[in-house]
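Asks: Next come the chains, spelled out residue by residue.
There are 2 protein chains.
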Amino acid sequence: MAKISSVSPLAPKAFPELPVIDGVTFSTIAAGVKYQGRTDVMLAKLAPGTAVAGVFTTSATRSAPVLDCQAKLGGHTEDGAAILVNSGNSNAFTGRGGVSAVEAITRAVSDACTVPQSRVFTASTGVIGEPLPFEKITTHLATLADQLDPNTIADAARAIMTTDTFPKGAGKEVVIAGQTVKIAGIAKGSGMIAPDMATMLVYIFTDAKIPQAELQAMLSGHNAQTFNCITVDSDTSTSDTLLLAATGASSVDVSGDLAFSDALHDVMLDLAHQVVRDGEGATKLVEIEVTGAKNDTDAKTHAMSIANSPLVKTAIAGEDPNWGRVVMAVGKSGAAADRDRLSIRFGDVMVAENGWVSEGYDEAKAAAHMKGDELVIGVDIGIGTGRSTVWTCDLTHRYIEINADYRS
Amino acid sequence: MAKISSVSPLAPKAFPELPVIDGVTFSTIAAGVKYQGRTDVMLAKLAPGTAVAGVFTTSATRSAPVLDCQAKLGGHTEDGAAILVNSGNSNAFTGRGGVSAVEAITRAVSDACTVPQSRVFTASTGVIGEPLPFEKITTHLATLADQLDPNTIADAARAIMTTDTFPKGAGKEVVIAGQTVKIAGIAKGSGMIAPDMATMLVYIFTDAKIPQAELQAMLSGHNAQTFNCITVDSDTSTSDTLLLAATGASSVDVSGDLAFSDALHDVMLDLAHQVVRDGEGATKLVEIEVTGAKNDTDAKTHAMSIANSPLVKTAIAGEDPNWGRVVMAVGKSGAAADRDRLSIRFGDVMVAENGWVSEGYDEAKAAAHMKGDELVIGVDIGIGTGRSTVWTCDLTHRYIEINADYRS
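Chains A and B supply the protein sequences, listed in that same order. Position in the first sequence counted from 1, then plus 52, gives you my numbering. Position in the second sequence counted from 1, then plus 52, gives you my numbering.
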């Protein structure tokens with residue numbers, strides 16, 4: 053197992069103060085699924101009336117818990133709900149045994165929390181292909197249910213970590229017609245342990261009141277601009293899960309409310325950035341802004357081609373304003389481009405225009421921008437109005453160290 | 053500039069003895085385009101009657117020489133032809149100046165070799181975005197034309213190298229109806245120097261007699277199974293060029309001849325493997341064999357997803373039979389798959405079947421296979437008859453060293 057003791061240089065200074073969400077309680081326990089000496093199971097109970105929306109990995113080999121969650125999303129219910137997450141074992145590629153484990157855990161949560169089994173959402177993250185020792189979890193459910201507390205979301209953020217180097221949280225309060233609505237979210241990803249994958253798990257809670265269908269639409273819309281716009285290494289987990297629970301406890305109806313929608317977007321983007329900041333070996337957070345593409349879809353294709361290019365990412369690691377590699381990544385993306393209309397900037401320094409290096413380009417200035425730990429690469433394709441912004445990190449020796457070590 | 057002095061551990065023991073192709077002559081010179089103390093320009097002259105076929109990068113930002121070559125392919129001519137290649141400067145993303153440089157070089161070659169300018173094919177490989185000092189090349193053309201020699205193909209292979217750690221050549225002779233037809237090819241790729249890209253240049257010569265359209269069809273068909281089935285890091289050059297010249301000097305008509313087609317395929321595959329063997333930092337040549345996919349296209353999508361996955365490639369570097377990452381790469385590829393029908397083997401060791409680890413799987417045996425320098429990862433998708441085989445290398449610290457060093 054790779055030792056990943058030091059905190060990412062891009063980590064926030066501290067876990068933030070998050071608002072307490074009425075209708076949501078948490079508890080955690082050290083169940084010893086795999087890790088010793090730390091919590092590894094978190095339970096969140098959601099009050100009756102809570103709407104739950106979700107988005108999941110699109111992997112064709114997704115895990116049993118993901119398939120179970122997807123089947124359970126849907127109608128707003130008056131019965132309450134619960135979320136249970138374990139770290140240390142992903143219950144992915146575990147055959148029929150994986151399905152049985154999900155069944156056993158959701159039944160135990162249902163019994164302990166007195167919510168319908170059809171409203172129990174689980175996720176597992178950790179080693180792939182090993183049977184999940186679900187009894188280690190179910191045996192603790194009475195204790196977990198006894199200790200539910202509205203104030204322990206930070207503990208929940210810690211319990212779901214695998215090789216994350218810091219717990220991730222973000223929150224926001226928004227005043228709507230004189231009443232305050234609160235949002236608090238936690239995330240894990242994308243540290244890795246051989247033979248794991250960079251599973252990203254995100255749980256966001258709010259006391260807003262909103263029908264499930266509208267909550268789902270809002271979540272899916274923002275997801276396309278936040279979590280679906282980040283990449284560490286282009287590899288997609290079999291377990292990625294994002295759930296959003298709206299308890300309605302504030303009684304503030306946020307249907308169609310832009311202020312709430314914006315606040316939710318901000319929380320999601322904050323958590324998404326924290327995932328990139330904890331990317332394996334990351335020393336730079338890089339924003340790729342593509343404008344002037346044929347359409348938004350093409351813009352995202354170009355942006356992701358740049359963000360995933362090993363040559364671009366190693367150049368960033370080397371603090372090299374290597375615009376030639378950006379040209380290459382645009383060219384290979386498959387989306388429309390015209391070499392002679394491209395322009396490229398690093399931060400505010402224009403480096404290339406109209407198919408060649410900019411007149412008066414000052415490499416020293418571009419190189420100075422590359423020395424920061426938050427970089428911007430701007431690319432104008434010059435043929436339309438499509439735009440997209442995505443975030444990535446650099447590709448360093450530490451990525452190789454973390455992922456090439458033989459698992460022991 | 054990264055120092056890349058040592059030869060790849062996967063290099064062949066020596067440059068092979070190649071057949072001399074009647075109708076083709078070579079010369080090389082140290083023109084000092086960028087490199088000092090080595091040859092950096094090669095000229096090949098092709099006898100009247102030579103058919104030339106080609107395939108090129110599909111990059112939307114491809115270089116001026118590539119666009120010029122593409123425009124010149126086509127009809128068989130009685131006028132002869134010539135190929136000129138320089139290393140050290142790629143003449144890519146050089147705006148209108150790049151087009152002028154191609155024009156100047158092709159005109160000079162046309163004059164020196166007395167072939168039409170419309171039959172002069174050039175390529176450039178090296179630094180991107182810097183004006184090509186074409187006078188350094190044109191000034192030597194009389195000397196180059198004077199020194200043309202049928203026996204110096206090995207020198208040509210050396211002159212086109214950039215950061216390749218060994219020159220690449222392959223050849224074959226095939227007897228058709230009692231007469232011998234010869235094939236000899238050279239390639240460069242895919243060493244890299246910041247800020248260059250992994251340009252792949254390949255030149256293959258034969259004395260076979262075959263109409264240009266048929267030669268082109270044969271080349272394109274084999275290209276799909278050879279050079280288009282290799283990947284080092286998923287980044288596509290703006291300059292990739294493969295030319296095949298058939299002089300017809302043997303007078304042996306190979307139209308529709310399977311033995312010739314097979315021999316050409318073998319030479320192309322040999323050169324393609326040599327490019328992977330010289331991949332930056334490569335210590336393992338890895339064959340990915342996908343079977344049982346919905347169709348051949350899906351099979352290739354799965355195979356390339358595995359071959360390009362940083363997590364799979366770092367696991368290989370770590371000699372870790374990490375089948376979980378192979379499952380992940382299949383799942384994310386976008387092609388059809390059923391988690392519970394997948395089977396995976398490393399060499400002859402079956403590791404996973406029907407969605408879970410194989411009964412009796414012996415990790416020690418799989419780990420032993422991973423210690424070799426030529427590995428096979430077999431994946432049966434289990435849902436159809438589509439198949440594809442691709443080749444890649446591992447992702448090591450040396451890749452980061454080579455590509456993250458600040459250019460100086």
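There may be inaccurate statements among the hints.
Since copy identity is lost for identical chains, a pair holds within one copy or between any two.
Here are the simulated DMTMM-like cross-link-like pairs (lysine to aspartate or glutamate), alpha carbons at most 20 Å apart as the crow flies [said to hold, decoys possible]:
# : residue 1 : residue 2
1 : LYS417    : GLU182
2 : LYS423    : GLU453
3 : LYS188    : GLU411
4 : LYS224    : GLU69
5 : LYS224    : ASP163
6 : LYS124    : GLU405
7 : LYS261    : GLU130
8 : LYS65     : GLU453
9 : LYS65     : GLU187
If you're looking for bench data, these hints aren't it; they were derived computationally from the structure.
Asks: Each hint: holds or not?
Replies: Structure-based check of each hint:
Proximity of LYS417 and GLU182 under a CA criterion of 20 Å is satisfied inter-copy only: 19 Å between copies versus 51 Å inside one chain copy. For a Cα distance limit of 20 Å, the shortest separation of LYS423 from GLU453 across copies, 18 Å, qualifies, whereas the shortest one inside one copy, 23 Å, does not. Taking the shortest alpha-carbon separations for LYS188 and GLU411, neither the intra-copy value of 66 Å nor the inter-copy value of 24 Å comes in at or below 20 Å. Within a single copy, LYS224 and GLU69 get their C-alpha atoms as close as 10 Å, which meets the 20 Å cut-off; across copies the closest is 71 Å, which misses it.
For the identical chains of this complex, LYS224 and ASP163 are neighbours neither inside a copy (33 Å) nor across copies (73 Å), given an alpha-carbon limit of 20 Å. Neither within a single protomer nor between protomers do LYS124 and GLU405 lie at most 20 Å apart by alpha-carbon distance, with minima of 51 Å and 29 Å respectively. For the homomeric pair LYS261 and GLU130, the shortest alpha-carbon distance inside one copy (13 Å) is at most 20 Å, but the shortest distance between copies (80 Å) is not. Taking the closest pair of Cα atoms, LYS65 and GLU453 never come within 20 Å of each other, the shortest separation being 25 Å inside a single copy and 31 Å across copies.
Taking the shortest Cα distances, LYS65 and GLU187 never come within 20 Å of each other, neither inside one copy (37 Å) nor across copies (57 Å).
The structure fails hints 3, 5, 6, 8, 9 (numbered hints given earlier, in ascending order).
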